[in-house]
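Chains as they are written, first to last, in numbering that gives the first Met the number 0: chain C, 0 to 417; chain S, 0 to 508.
A couple of the hints might just be wrong.
[As the list claims (entries may be wrong)] With a Cα cut of at most 25 Å, we get these calculated BS3-like pairs of lysine-lysine:
#1 S:K147 <-> S:K159
#2 S:K339 <-> C:K410
#3 C:K306 <-> S:K160
#4 C:K304 <-> S:K324
#5 S:K374 <-> C:K306
#6 S:K443 <-> C:K306
#7 C:K304 <-> S:K350
#8 C:K304 <-> S:K147
#9 S:K18 <-> S:K350
#10 S:K339 <-> C:K304
[Claimed, not checked] Listed below are several chain C residues computed to face chain S (Cβ distance under 10 Å; list not exhaustive):
#11 G164
#12 N165
#13 S169
#14 D230
#15 R281
#16 G285
[To be verified] Simulated restraints on C-beta separations:
#17 C:K387 <-> S:N117: 54 to 62 Å
#18 S:D190 <-> C:I142: 48 to 56 Å
#19 S:T319 <-> C:Y139: 19 to 27 Å
#20 S:G376 <-> C:Q217: 21 to 29 Å
#21 C:A404 <-> S:K327: 32 to 40 Å
#22 S:T11 <-> C:A404: 55 to 63 Å
#23 S:T448 <-> C:V357: 35 to 43 Å
#24 S:G320 <-> C:L117: 36 to 44 Å
Calculated directly from the structure, the hints in this document are not laboratory data.
Glycine included, every Cβ here is placed at the ideal spot set by N, Cα and C.
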Amino acid sequence: MTSVVPTNADLAVDDLSAGPGDSPGRSTRLNLNLRSSGIYIAFALIVLLFTVLTDGDMLQPQNISNIIVQNSYILILAIGMILIIIAGHIDLSVGSVVAVCGAVAAVLMVEWHMAWPLALAITLVVGGIIGAWQGYWVAYFGIPAFIVTLAGMLLFRALTLMVLGNRGISPFPDPVRTLANGFTEGYLGNIGLGVLGGADLLSIILGLIAVAGIVVTQWRARAARLRYNQDVAAMPLFVLRIAVAAVLIMFLVVQLARFRNLPWVLVLLAFLVVGYSLLTNRAVFGRQIYAVGGNLQAATLSGVKVKSVVFWIFVNMGILAALAGVVFAGRLNQANPTAGNQFELDAIAAAFIGGAAVQGGVGKVVGAITGGLIMGVINNGMSLIGAKTEQVMLVKGAVLLAAVAFDVWSKRRAGASR
Amino acid sequence: MTDTILQMQDITKTFPGVKALQDVNLTVERGEIHAICGENGAGKSTLMKVLSGVYPHGSYDGEITFDGEPCRFAGIRDSEERGIVIIHQELALAPQLSIAENIFLGNEQSRWGLIDWNATNFAAAQLLSRVGLAENPTTPILELGVGKQQLVEIAKALSKKVRLLILDEPTAALNDEDSAHLLSLLRGLRDEGITCVIISHKLNEVMAIADRVTILRDGRTITTMDMAGGEVTEDRIISGMVGRDLDHRFPPHESHVGEEVLRIEDWTVHSPTQHGRVVVANANLTLRRGEIVGLAGLMGAGRTELAMSVFGRSYGIGITGRIVKDGKEIQLRSVQDAIKNGIAYATEDRKRYGLNLIEDIKRNVSAAGLDRLAKHGWVDENEEYKVAGEFRTSMNIKAPSVLSITGKLSGGNQQKVVLSKWIFTNPDVLILDEPTRGIDVGAKYEIYTIINRLADEGKAVLVISSELPELLGLCDRIYTLSAGRITGEVPRADATQENLMALMTKGTE
Numbered sequence: 000m001t002s003v004v005p006t007n008a009d010l011a012v013d014d015l016s017a018g019p020g021d022s023p024g025r026s027t028r029l030n031l032n033l034r035s036s037g038i039y040i041a042f043a044l045i046v047l048l049f050t051v052l053t054d055g056d057m058l059q060p061q062n063i064s065n066i067i068v069q070n071s072y073i074l075i076l077a078i079g080m081i082l083i084i085i086a087g088h089i090d091l092s093v094g095s096v097v098a099v100c101g102a103v104a105a106v107l108m109v110e111w112h113m114a115w116p117l118a119l120a121i122t123l124v125v126g127g128i129i130g131a132w133q134g135y136w137v138a139y140f141g142i143p144a145f146i147v148t149l150a151g152m153l154l155f156r157a158l159t160l161m162v163l164g165n166r167g168i169s170p171f172p173d174p175v176r177t178l179a180n181g182f183t184e185g186y187l188g189n190i191g192l193g194v195l196g197g198a199d200l201l202s203i204i205l206g207l208i209a210v211a212g213i214v215v216t217q218w219r220a221r222a223a224r225l226r227y228n229q230d231v232a233a234m235p236l237f238v239l240r241i242a243v244a245a246v247l248i249m250f251l252v253v254q255l256a257r258f259r260n261l262p263w264v265l266v267l268l269a270f271l272v273v274g275y276s277l278l279t280n281r282a283v284f285g286r287q288i289y290a291v292g293g294n295l296q297a298a299t300l301s302g303v304k305v306k307s308v309v310f311w312i313f314v315n316m317g318i319l320a321a322l323a324g325v326v327f328a329g330r331l332n333q334a335n336p337t338a339g340n341q342f343e344l345d346a347i348a349a350a351f352i353g354g355a356a357v358q359g360g361v362g363k364v365v366g367a368i369t370g371g372l373i374m375g376v377i378n379n380g381m382s383l384i385g386a387k388t389e390q391v392m393l394v395k396g397a398v399l400l401a402a403v404a405f406d407v408w409s410k411r412r413a414g415a416s417r
Numbered sequence: 000m001t002d003t004i005l006q007m008q009d010i011t012k013t014f015p016g017v018k019a020l021q022d023v024n025l026t027v028e029r030g031e032i033h034a035i036c037g038e039n040g041a042g043k044s045t046l047m048k049v050l051s052g053v054y055p056h057g058s059y060d061g062e063i064t065f066d067g068e069p070c071r072f073a074g075i076r077d078s079e080e081r082g083i084v085i086i087h088q089e090l091a092l093a094p095q096l097s098i099a100e101n102i103f104l105g106n107e108q109s110r111w112g113l114i115d116w117n118a119t120n121f122a123a124a125q126l127l128s129r130v131g132l133a134e135n136p137t138t139p140i141l142e143l144g145v146g147k148q149q150l151v152e153i154a155k156a157l158s159k160k161v162r163l164l165i166l167d168e169p170t171a172a173l174n175d176e177d178s179a180h181l182l183s184l185l186r187g188l189r190d191e192g193i194t195c196v197i198i199s200h201k202l203n204e205v206m207a208i209a210d211r212v213t214i215l216r217d218g219r220t221i222t223t224m225d226m227a228g229g230e231v232t233e234d235r236i237i238s239g240m241v242g243r244d245l246d247h248r249f250p251p252h253e254s255h256v257g258e259e260v261l262r263i264e265d266w267t268v269h270s271p272t273q274h275g276r277v278v279v280a281n282a283n284l285t286l287r288r289g290e291i292v293g294l295a296g297l298m299g300a301g302r303t304e305l306a307m308s309v310f311g312r313s314y315g316i317g318i319t320g321r322i323v324k325d326g327k328e329i330q331l332r333s334v335q336d337a338i339k340n341g342i343a344y345a346t347e348d349r350k351r352y353g354l355n356l357i358e359d360i361k362r363n364v365s366a367a368g369l370d371r372l373a374k375h376g377w378v379d380e381n382e383e384y385k386v387a388g389e390f391r392t393s394m395n396i397k398a399p400s401v402l403s404i405t406g407k408l409s410g411g412n413q414q415k416v417v418l419s420k421w422i423f424t425n426p427d428v429l430i431l432d433e434p435t436r437g438i439d440v441g442a443k444y445e446i447y448t449i450i451n452r453l454a455d456e457g458k459a460v461l462v463i464s465s466e467l468p469e470l471l472g473l474c475d476r477i478y479t480l481s482a483g484r485i486t487g488e489v490p491r492a493d494a495t496q497e498n499l500m501a502l503m504t505k506g507t508e
């Protein structure tokens with residue numbers, strides 16, 4: 000008997016036990032809000048904690064810049080990883096893919112003296128092919144992603160060693176190093192900010208444009224929802240939320256502008272976050288990722304091309320891992336055989352701390368970024384106060400466990416009917 | 000024959016919201032084969048679960064007396080200790096393990112904590128010869144067909160010194176030859192003094208093998224009949240099984256039947272898991288616009304398999320036959336093909352196959368028709384919200400908003416979300432598999448009203464249901480399916496529960 004054969008009639012009776020009675024109510028909604036916004040509150044509290052512990056050093060311009068640059072490649076990986084985890088899979092190979100793609104980029108740029116844009120493009124294609132390889136085994140051949148990517152972890156580390164041998168390749172061309180490590184130039188000169196001293200005008204203007212963009216899109220979205228008679232947040236709350244976002248962005252930008260302008264990786268990350276948030280929220284493809292992770296059979300029977308969706312998210316992961324590989328190699332100014340070690344663990348932890356569900360079907364790009372930043376802030380803050388490596392690992396492990404435990408606990412409380 | 004081995008008295012078993020069994024009485028004599036008959040959902044399996052301790056003492060009301068002693072089983076182990084063994088319809092064998100290992104699973108032949116393989120295999124070989132299975136005890140289960148697996152289950156039961164053997168639909172998945180062998184084996188066991196209780200839908204088998212038969216209906220005992228006198232006929236059993244009357248549970252409706260929209264010709268489907276087994280054989284069906292057609296069949300007849308194989312080959316392998324839509328032959332190789340060609344299938348198991356329970360109503364309603372809401376791959380979320388809101392109103396989905404999580408809705412409202420999803424794809428043909436399973440009477444009426452409305456809009460609706468009154472109250476025409484074959488096509492005017500049940504239990508010629 001296969002599972003689709005009519006089930007025992009008794010099951011139909013059991014069915015009822017979960018049904019009527021528990022109607023959705025107000026408490027559910029509050030719960031959900033806590034579940035989805037808890038991560039941001041936690042992030043704020045952690046930043047606050049370390050700011051106090053470090054006497055404000057945490058939020059110094061240079062330190063903020065460091066946190067962004069030091070975690071950029073993990074954040075890039077986390078974006079790819081969250082899509083894979085939403086679909087109910089996992090990718091353990093990203094660290095090795097980072098290494099092999101860094102090596103490919105180094106060979107192309109340093110040894111073959113290829114123009115860097117072309118070399119970057121080829122590296123991204125190589126990443127895509129690696130992703131396609133793994134996507135094929137997972138989606139079309141039906142091997143669990145855990146196994147395929149565990150094998151990939153070994154395979155691509157081996158490939159890296161075959162390409163590099165026991166040496167590193169350096170130096171990378173300047174533009175690549177700038178992308179990973181550098182800052183926008185002060186094209187428009189500086190502007191005085193009173194007691195804060197001088198700051199880069201271009202950075203400030205870009206920050207203001209970002210804020211204006213948020214205000215306009217949020218306002219238009221709200222207006223459209225009102226036209227469709229949907230519930231929207233009350234005006235004071237709406238204004239408050241935008242104001243908080245604007246203040247945070249401007250604080251960040253001003254601090255960075257006071258130091259050395261905007262890191263290029265921040266610009267890159269901003270584009271990736273906006274692009275992938277749109278993809279997951281608004282695109283048919285993004286919706287299908289959630290459908291596949293939420294209920295595979297229901298998605299199949301609703302006409303979602305499940306295999307193709309899974310295949311392409313692995314291709315995407317490969318491309319992002321290649322990008323992270325180039326950024327990482329550019330930052331070290333060297334491609335070396337041990338690059339990317341354990342990056343997969345950081346990326347996976349970022350996704351789960353950021354609210355992804357273990358069973359799939361749930362997760363947000365912004366959540367994964369926040370999860371990655373939480374770990375980055377813990378790393379940074381604890382090293383500022385002089386904690387030892389083992390203490391940092393201890394805290395990070397505890398945070399990961401606590402985040403997932405919270406998710407499981409809130410789900411059990413909210414969804415008794417599952 | 001007044002030596003009673005088992006007496007179940009006034010058994011009542013309640014699930015939240017439903018009385019599955021009400022004051023059921025069952026008396027089984029020593030050394031007889033006792034058949035239990037009833038429609039799907041009549042309570043047969045529940046009764047057997049009460050008897051075997053799956054539902055422990057205290058979770059039901061009533062008394063069980065076995066061999067003169069009252070029984071209060073806390074679990075299956077207790078009942079097996081007394082010699083009561085149940086063999087479920089879905090066999091519970093570990094496919095990778097050998098026959099001998101399966102027979103003694105949980106009951107290992109061991110000395111000082113180590114398994115004595117010689118004793119195990121020797122004892123297994125003896126048991127196999129008792130059930131007439133000529134296989135090496137070390138053969139893995141997965142190399143055996145279902146018929147032989149069934150025999151291994153019986154050998155396993157014998158190893159536990161069985162005195163009362165319960166078989167739930169033992170021949171549902173077997174071919175005629177294996178069925179005949181199994182039945183003769185049961186006769187042999189009876190002659191050895193083992194009492195059998197057999198649940199079966201195949202009335203010809205019941206007639207052939209049973210000494211007495213008890214009929215259940217809607218969780219109550221209807222009657223127990225002695226087969227010896229020759230007065231009991233299949234018709235009498237059927238009338239006992241179905242004897243409900245139709246009251247005002249269906250909205251009045253008159254269909255305006257139009258031209259043919261879908262024709263399925265010579266449709267044959269093979270099982271993907273059991274090599275060579277034909278699940279649907281040479282089926283022919285036609286559906287017309289504005290018409291509600293029923294598909295009746297007992298469990299295992301192949302109803303869902305037929306529907307899903309048509310719906311973009313979602314089930315089965317080796318599918319042959321033709322599908323003609325609006326006079327043109329079409330190929331439906333995938334679910335996408337089926338949706339594009341205006342065919343929708345709402346599953347019988349909405350929680351497992353129908354809904355994304357962690358998502359809200361809005362996203363579930365749009366799941367199958369997302370392309371209709373998207374431009375260049377981008378979803379218009381406001382339009383989606385509006386569409387979902389319209390369905391919430393028109394389908395009367397009781398939820399505070401379309402942002403409510405579907406996992407939290409009641410069965411009836413979940414079903415309305417599933418129907419909304421498929422109606423939104425704007426199909427010409429809707430296949431509804433058990434559309435009212437597990438939902439309360441009020442919601443059923445609403446679902447019937449929706450089905451009538453769909454027919455009035457010119458759609459063809461195929462309703463698969465285990466409840467004959469539902470088909471009789473709803474459908475213009477009813478097909479019957481038995482063991483994968485269409486055994487009848489009955490217009491509403493001629494249909495009665497009795498003649499449908501006779502067609503549904505018709506054996507293969």
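Hints that the structure is at odds with (numbers, increasing)
Hints 2, 3, 6, 8, 11, 12, 13, 21, 22, 24 contradicted; others consistent.
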